[in-house]
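All residue numbers for the sequence shown refer to full-length UniProt numbering, where the first residue is 1 and numbers rise by one.
None of these hints come from the bench; they were simulated from the model. Note that the structure is a prediction, hence the values are computed from the model and not measured. It cannot be assumed that every hint is accurate.
Stated by the list, open to error - Think about it this way: if two alpha-carbon atoms lie no more than 25 Å apart in a straight line, the pair counts; the simulated SDA-like pairs of lysine to any residue are:
id, residue 1, residue 2
1, K77, I5
2, K6, D62
3, K33, L49
Unchecked claim - Quick list of simulated restraints, FRET-style, between CB atoms:
id, residue 1, residue 2, range
4, N11, R114, 32 to 40 Å
5, L49, Q8, 16 to 24 Å
6, D22, A109, 30 to 38 Å
7, Q8, F93, 29 to 37 Å
Note that the Cβ used here is the ideal one computed from N, Cα and C, for glycine as well.
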Amino acid sequence: EEHMIKTQRNNFELELRTYSGDDPFSVWDSYIKWNEQYFPKGGHDGQLLKLLERCLREFQADERYTNDSRFIHIWIKFACLTEDPVIIFSYMFDNGIGVNVAAFYVEWALSLERKGDNSR
Numbered sequence: 001e002e003h004m005i006k007t008q009r010n011n012f013e014l015e016l017r018t019y020s021g022d023d024p025f026s027v028w029d030s031y032i033k034w035n036e037q038y039f040p041k042g043g044h045d046g047q048l049l050k051l052l053e054r055c056l057r058e059f060q061a062d063e064r065y066t067n068d069s070r071f072i073h074i075w076i077k078f079a080c081l082t083e084d085p086v087i088i089f090s091y092m093f094d095n096g097i098g099v100n101v102a103a104f105y106v107e108w109a110l111s112l113e114r115k116g117d118n119s120r
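Start from the sequences, fold in the hints, and give me the full structure.
Okay, structure coming up:
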């Protein structure tokens, strides 16, 4: 199974480099979902945080995805894996990322609540 996982990961990495269709984010979305399926606890083997960071860097300035719910859910996953998700949600808001996606506000509010900040 380890060989199969490595092969699949290499296939995704190749597709990330060679994709030429209309929706390059779709490859990242599939790759991240695959990663979560095979490494459900995240952890070092799955390298989920690193994968999310790469994806966000790749599409951060691409206006096609600014309010794409798939992309926003990647941001939310990333935020929830960081020490202080509120900082990430504030950054998103300040940069207009996800401001038309309800899930963004729900997760931001939950993060503020968990942090004990009910003033915002």
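**OP:** Please flag the earlier hints that this structure goes against, numbers listed from lowest up.
**Re:** Hint check: 2 fails alone, others pass.
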